[in-house]
Amino acid sequence: GLIAAYFFHNFFVFDHLISYILFFSLLAYVHSRSEAPLSAHRQASGNSRPTAPRFALGNLLAVAIPAVSILLVLSLYFANVKPIMANLFLIEALKSLQTPGEAAKAVQYFQKAHNTSRLGQPEIAEQLAANAVAVLTSDISMEEKNTFFNFAKDALLKQAQDLSGDARYQLIIGSFLSATGYLDEALVYLERASQLMPGKQMIYLEIANVFKPLHFEEYCDRIEGWVLKLGTK
Numbered sequence: 452g453l454i455a456a457y458f459f460h461n462f463f464v465f466d467h468l469i470s471y472i473l474f475f476s477l478l479a480y481v482h483s484r485s486e487a488p489l490s491a492h493r494q495a496s497g498n499s500r501p502t503a504p505r506f507a508l509g510n511l512l513a514v515a516i517p518a519v520s521i522l523l524v525l526s527l528y529f530a531n532v533k534p535i536m537a538n539l540f541l542i543e544a545l546k547s548l549q550t551p552g553e554a555a556k557a558v559q560y561f562q563k564a565h566n567t568s569r570l571g572q573p574e575i576a577e578q579l580a581a582n583a584v585a586v587l588t589s590d591i592s593m594e595e596k597n598t599f600f601n602f603a604k605d606a607l608l609k610q611a612q613d614l615s616g617d618a619r620y621q622l623i624i625g626s627f628l629s630a631t632g633y634l635d636e637a638l639v640y641l642e643r644a645s646q647l648m649p650g651k652q653m654i655y656l657e658i659a660n661v662f663k664p665l666h667f668e669e670y671c672d673r674i675e676g677w678v679l680k681l682g683t684k
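Read in order, the letters of the sequence shown correspond to residues 452 to 684 in the working numbering.
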């Protein structure tokens, strides 16, 4: 129960110093309560090591404490250390984009950030979409641009699939595909976003930007329908 509570708490607390103090203080208290005092007979006879039954609390703790420690270390690594590493890689990627001539490093850091931890992938996907044009218009080679585009597209498509009921990520992948020239694919995700969040004006603006060069006449009809729909909200 303690490990489960601590693992759940790690999702919401970022300053763990006080949490560590409370956690190990509780472990110390449980350990102190489990140490029974020696009986007067054993003290008088000089037998300071009581013969514990096979399933005594002390024997169970001898197994449980190492197991709990291993689980704690693993939870800290996957729930804390790896997300922190992913965050540092993301920061380095954004810093590299601001430095002339280091767009190739930014691509590498984006890939490291995305592959390091699943917990930070939604934020990394958003940053990929927001900075895709900057990378694709930089001075890196065409091969590096293609590698980045395929990586970013796969990451965003996976995020949109995992969060298929979230209009935000449908809009993000739709905007990314629109900005990179994949208008037909962009329209699929933008239409899905409009169904999930029909009152969001930004979605209709993105659809209009995609729809106009594809189907101008239908675009005009849709504009009228959107105006009427939003006017009734």
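Please keep in mind that the hints were generated in silico from the structure rather than gathered at the bench.
Using N, Cα and C, we set each Cβ at its ideal position, and we do this for glycine too.
There could be a bad hint or two in this list.
30 Å max Cα-Cα, derived BS3-like pairs, lysine-lysine [stated by the list, open to error]: (1) LYS533 / LYS556; (2) LYS546 / LYS596; (3) LYS556 / LYS604; (4) LYS563 / LYS546; (5) LYS533 / LYS651.
Simulated restraints on C-beta separations [as the list claims (entries may be wrong)]: (6) PRO517 / TYR633: 30 to 38 Å; (7) PHE458 / ALA659: 41 to 49 Å; (8) ALA456 / LEU545: 32 to 40 Å; (9) LYS651 / PHE600: 46 to 54 Å; (10) LEU453 / GLY552: 32 to 40 Å; (11) ALA585 / ALA515: 49 to 57 Å.
A quick look at each hint next to the structure:
no.: 1; hint: LYS533 / LYS556; in the structure: 20 Å, holds
no.: 2; hint: LYS546 / LYS596; in the structure: 18 Å, holds
no.: 3; hint: LYS556 / LYS604; in the structure: 19 Å, holds
no.: 4; hint: LYS563 / LYS546; in the structure: 15 Å, holds
no.: 5; hint: LYS533 / LYS651; in the structure: 35 Å, violated
no.: 6; hint: PRO517 / TYR633: 30 to 38 Å; in the structure: 53 Å, violated
no.: 7; hint: PHE458 / ALA659: 41 to 49 Å; in the structure: 46 Å, holds
no.: 8; hint: ALA456 / LEU545: 32 to 40 Å; in the structure: 35 Å, holds
no.: 9; hint: LYS651 / PHE600: 46 to 54 Å; in the structure: 27 Å, violated
no.: 10; hint: LEU453 / GLY552: 32 to 40 Å; in the structure: 51 Å, violated
no.: 11; hint: ALA585 / ALA515: 49 to 57 Å; in the structure: 52 Å, holds
Checked against the numbered hints given earlier, this structure breaks hints 5, 6, 9 and 10; the rest are met.
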